[in-house]
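Chains as they are written, first to last, in our numbering: chain A, 9 to 443; chain B, 9 to 443.
Check each hint, because a few of them may be wrong.
One copy or any two copies: either way a pair holds, since identical chains are not told apart in the list.
The list that follows gives simulated cross-link-like pairs (lysine-lysine, DSSO-like), each with its CA atoms no further than 30 Å apart [claimed, not checked]: (1) Lys137 / Lys422; (2) Lys196 / Lys422; (3) Lys137 / Lys364; (4) Lys82 / Lys196; (5) Lys82 / Lys17.
No lab work stands behind these hints, which were simulated from the structure alone.
Protein chains: 2
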Amino acid sequence: MPVQAENVKRVLVLGAGFGGLTFCQAFNCPRAHVTLLDRQNHHLFQPLLYQVATAGLSAPEIAQPIRSIVSRRKNVSVLLENVAGVDLARRQVRLDHTVLTYDNLVLALGGVTSYFGHPEWEQHAPGLKTLDDALRIRRQILLAFERAETTADAAQQARLMTIIVVGGGATGVELAGAFAELARRVLKRDFRRIDPRQARVILLEAGPQILPQFSPRLAAKAVAHLNSLGVEVRTRTRVGAIDDGFLLLTNGERIESANMIWAAGVAAHPLAQTLNAELDRVGRVIVEPDLSVPGHPEVFVIGDMALVRDENGQSVPGVSPAAMQMGRHVARIITSECRTGPASPPARPVFRYWNKGLMATIGRSAAVAQIGRLEFSGWPAWAAWLLIHLVFLIGFRNRAAVLLQWTYSYFTYKRGARIITGLEGSRELLTSNHL
Amino acid sequence: MPVQAENVKRVLVLGAGFGGLTFCQAFNCPRAHVTLLDRQNHHLFQPLLYQVATAGLSAPEIAQPIRSIVSRRKNVSVLLENVAGVDLARRQVRLDHTVLTYDNLVLALGGVTSYFGHPEWEQHAPGLKTLDDALRIRRQILLAFERAETTADAAQQARLMTIIVVGGGATGVELAGAFAELARRVLKRDFRRIDPRQARVILLEAGPQILPQFSPRLAAKAVAHLNSLGVEVRTRTRVGAIDDGFLLLTNGERIESANMIWAAGVAAHPLAQTLNAELDRVGRVIVEPDLSVPGHPEVFVIGDMALVRDENGQSVPGVSPAAMQMGRHVARIITSECRTGPASPPARPVFRYWNKGLMATIGRSAAVAQIGRLEFSGWPAWAAWLLIHLVFLIGFRNRAAVLLQWTYSYFTYKRGARIITGLEGSRELLTSNHL
Chain A
9 MPVQAENVKR VLVLGAGFGG LTFCQAFNCP RAHVTLLDRQ NHHLFQPLLY
59 QVATAGLSAP EIAQPIRSIV SRRKNVSVLL ENVAGVDLAR RQVRLDHTVL
109 TYDNLVLALG GVTSYFGHPE WEQHAPGLKT LDDALRIRRQ ILLAFERAET
159 TADAAQQARL MTIIVVGGGA TGVELAGAFA ELARRVLKRD FRRIDPRQAR
209 VILLEAGPQI LPQFSPRLAA KAVAHLNSLG VEVRTRTRVG AIDDGFLLLT
259 NGERIESANM IWAAGVAAHP LAQTLNAELD RVGRVIVEPD LSVPGHPEVF
309 VIGDMALVRD ENGQSVPGVS PAAMQMGRHV ARIITSECRT GPASPPARPV
359 FRYWNKGLMA TIGRSAAVAQ IGRLEFSGWP AWAAWLLIHL VFLIGFRNRA
409 AVLLQWTYSY FTYKRGARII TGLEGSRELL TSNHL
Chain B
9 MPVQAENVKR VLVLGAGFGG LTFCQAFNCP RAHVTLLDRQ NHHLFQPLLY
59 QVATAGLSAP EIAQPIRSIV SRRKNVSVLL ENVAGVDLAR RQVRLDHTVL
109 TYDNLVLALG GVTSYFGHPE WEQHAPGLKT LDDALRIRRQ ILLAFERAET
159 TADAAQQARL MTIIVVGGGA TGVELAGAFA ELARRVLKRD FRRIDPRQAR
209 VILLEAGPQI LPQFSPRLAA KAVAHLNSLG VEVRTRTRVG AIDDGFLLLT
259 NGERIESANM IWAAGVAAHP LAQTLNAELD RVGRVIVEPD LSVPGHPEVF
309 VIGDMALVRD ENGQSVPGVS PAAMQMGRHV ARIITSECRT GPASPPARPV
359 FRYWNKGLMA TIGRSAAVAQ IGRLEFSGWP AWAAWLLIHL VFLIGFRNRA
409 AVLLQWTYSY FTYKRGARII TGLEGSRELL TSNHL
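Here chain A stands alone, though its shape is the one from the complex (with noise of 0.2 Å):
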């Protein structure tokens, strides 16, 4: 709860990602109070996410309370709570049962599935953000394998054993190997009609190359481990139209499958479009150097709902180590004019994005890594992001449960999470072929 006293400093944090949640941790007024303000009550480790989503890791073990994460910050108060709007003028963010008022605000509330202006396209090819996102689709898939086992019908059998992801950035590159090992290695022997080696892994992508934000070299690397895990690459193809089991490419072509995931674009959360800032293309709102809304200089915006430009213009990637960065910077400024008083933005310090490369799995023990001029691929980048993983998921328990899941499926072929919850009380999704 904010605390009213005439002194305090109200800080309220929309969002407890990367960035809100790094904001809380770095920031120190001892006479403000913060209030971090998330939907759901766990901060969640998102670069693991299609781990969940492939029964590789559990929710759990990605997920941490964040009344946990923040409960030594004692002038941090939690709130589980919907946001439903926000008044700039008035400084006050609106929730479903309560109004709160704030003296800076920090957004950061990440990005949302974007389906091109085809909103119908998600009940057929789910988007992967959340923790409900990934588990529905786990379900999904198993039970498309459950399926195929029982039916007789050698096309629809095709079609619950056809995966296809749309998207070839890091997320789509990491579900399609993840995915395809899933099939070929885990599930072969369990199954007594269908071989689950037969089952088509397709990864579409519209531009030219997979991983657009890596080399050409690189991206071929990455082409030919999928290709040699049975995943399908084809770039410069396009997707027309999504509907139940089936989706139609702008070439006309037809492809048939129960099991279609959108991991292709990405856009800030609607939130940003009730702010009247300027947006970028994706709905990013367009910052000042130093964070802050153009005209409020008491409203930050950081992580996926901000469009930066670095030195070169460039626009800074929506990754974590970015929003981190962000949450550190937006932390210090507070900080400082909480304890000596408000500065106007151009006198405070310019955010610089300290680019620390890309990384994207492929598999359990191929990745692709970029790291400045330094290109990995292979074994040792695989290494690479495994530590990196490991040394950034928050709470040593996690650490230890993820690690100890990683050596169990790297030596087994077998994974934890194969487990199908959610059917109790529909019968449909037992009975359906559409899945």
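Go by the hints and put chain B onto chain A.
For chain B alone, coordinates are given in the frame of chain A:
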């Protein structure tokens, strides 16, 4: 799929709990084909289900894919299906899509929560039988504390922070102890407005003693332990009605609570009612001494669906060791007759239950155990409980993961699975005060 060749004996097993799975593992006749059917894709380690409901363990830690458990038994097929009915005369089982014919049928579907003629209570006081039940209870309790934190109304707050467990058997005792620890130890630092240590946990038992299968001395120790954790234990207390947000006792007393869990009654799976066999008052099939259905020597009932009496005329309790022993017994009979030809029930071996003892845990370092005439309580019983449950957890990975979780929780008083899933798209869940 059941192989249809002439000489192949078709064995159909309904239910992949402790009984059904043990049957599959012990059965050994090369000219038979076993079909194992369940409506979940996982075997559940039910003795630890209360830990998922109380946020101690994650769902995949106590569940293992059925296919994966039997993958090396090439003559066992697994089907994820609903059973629609059994036709004993035709030796057929109807599923949603198809009909399976059997030579031997093993019914091992376990039990369901029973509300003693008040099915309308279920929506207010869910039972705990499946992973989905446990995840729903976990979500409900964690959300109740979140709602209490944002509510100004003191009566509402008290209601949200009152947890009632109905039924003082082992499950009820374990739930009450774990909830008390969750509120008083795990959550205590995480809220700013409420003090989770003020939460009330009430355990209601209609009979004169909790843990009725234990000696009065051990039951009294359990009560003392529960009291020291802050649980109010009330015996000889009957529920008269349960409604939205409150419960009425038969003495007229009304207790307001947003969190009620029903652990008072178990009945056999309703399929037992369709067999035209004699049932006991909780719907269990009264089987022959060899565990077959009277008049149908080719059909067996095992586990919580069967009523079997031991030498002293006592009914065998509904615990996993009993189900496993029955599964092994029936596997021996069918294996032998598969190799040598059918025998009549009187010529078959009689099932004898070997009582290995009873245990129940109370919180994180106390338990009660009764093994023959030996009685333990406190720390030694808890250590024994820990060891036994770890040894019997199916699958190496789970065992290691659970041990890691427990060690972590033990030393830090944190719980790894304190995340709320399934909130998405259900704004109501976030805003309701009744939950």
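Verification of the hints:
no. : hint            : result
1   : Lys137 / Lys422 : both (25 Å within a copy, 26 Å between copies)
2   : Lys196 / Lys422 : within (10 Å within a copy, 38 Å between copies)
3   : Lys137 / Lys364 : within (23 Å within a copy, 48 Å between copies)
4   : Lys82 / Lys196  : between (51 Å within a copy, 13 Å between copies)
5   : Lys82 / Lys17   : within (15 Å within a copy, 68 Å between copies)
In summary, the structure agrees with every hint in the numbered list given earlier.
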